[in-house]
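Q: The numbering of the first sequence is this note's numbering, which starts it at 1 and goes up by one.
Hints were generated in silico from the structure; no laboratory data involved. Treat the hints with caution; some may be incorrect.
[Unchecked claim] Computed cross-link-like contacts, DSS-like style, restricted to lysine-lysine with a CA-CA straight-line distance of at most 30 Å: (1) 116 with 227; (2) 227 with 2; (3) 116 with 2; (4) 116 with 60.
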Amino acid sequence: MKIASWNVNSLNVRLPHLEQWLRDAAPDVVGVQETKLEDARFPDAVLAALGYRTVFHGQKTYNGVAILAHDRMIADVQMGIPDFHDDQKRVVAATVDDVRIINLYVVNGQDVGTEKYAYKLRWLEAVHDWIARELQAHPKLVVLGDFNIAPDARDVHDPAVWNDDHILTSTAERAALQRLLALGLHDAFRLHNDEAGVFSWWDYRQAAFRRGMGLRIDLTLVSDALKPLAVASGIDREPRTWERPSDHAPAWVQLAR
DNA sequence: ATGGTCGACCCTCGA
């Protein structure tokens with residue numbers, strides 16, 4: 001079972017890329033972020049033609065998330081974080097076969113010290129408390145998404161810039177990610193790969209992709225129960241080379257079954 | 001050089 005996460009930065013623009021990548025990579029489950037589409041405009045029929053069932057939780061202009069599952073039923077769908085009021089559509093969870101999938105579009109946070117940064121930390125705290133409960137109910141859990149946090153210095157192109165005081169790498173953000181992992185989750189990429197400089201996001205500005213100036217902020221986390229089944233993982237850079245690309249590349253984990 | 005490029009939308013904001 002191949003499970004992936006991709007921030008498409010507008011599904012309206014990127015639907016052809018998603019279709020192409022689904023054909024190329026043949027993932028079984030995909031969590032998509034930044035669809036930027038109201039639910040009425042979600043292209044579920046196009047994805048159904050490729051064999052994918054979908055659930056989606058979207059809004060106009062900003063945010064928006066979805067889960068795609070190839071040839072599999074999607075059950076027990078949860079939109080948003082329970083008991084956490086949020087007008088921003090950033091979370092969808094569902095059960096596919098016997099695996100619970102939580103798809104997150106984590107708050108960006110703009111800059112350390114801003115109101116958006118405070119919202120990011122509050123939001124991560126609510127996610128933490130919810131996932132603690134989800135793990136009790138669903139030991140076979142995958143948490144994936146655009147985390148907008150680079151876990152450590154290997155995950156940034158320039159650690160002097162992306163330091164303890166910088167957005168996406170600040171001490172409090174990384175601590176929030178570590179608290180999530182401490183619940184019994186594992187960064188699947190790091191189960192199979194310890195090298196530095198493998199990234200999932202490159203800014204559109206400064207020709208960052210061509211110059212290798214990226215960050216690894218798109219993660220797939222597997223629970224203790226699934227860790228022994230995680231046989232491979234990676235980041236597929238190729239869609240970032242296509243014409244008019246998303247600024248993110250898909251990250252994936254393969255579960256043996 | 002406090003920018004750069006996108007996407008959505010209406011002119012500027014969010015990333």
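Q: Take the C-alpha atoms of residue 116 and residue 2, compute the straight-line distance between them, and say whether it is at most 30 Å.
A: Roughly 34 Å between the alpha carbons, so the hint for residue 116 and residue 2 is violated.
Q: Does residue 227 sit within 30 Å of residue 116, going by the straight-line distance between their CA atoms?
A: violated (33 Å)
Q: With the threshold set at 30 Å, check whether the alpha-carbon distance from residue 227 to residue 2 stays at or below it.
A: The given pair, whose Cα atoms are some 14 Å apart, holds under the 30 Å limit.
Q: Check the hint pairing residue 116 with residue 60 against an upper bound of 30 Å on the C-alpha distance.
A: holds (19 Å)
When held up to the earlier numbered hints, the structure conflicts with 1 and 3 and fits the remainder.
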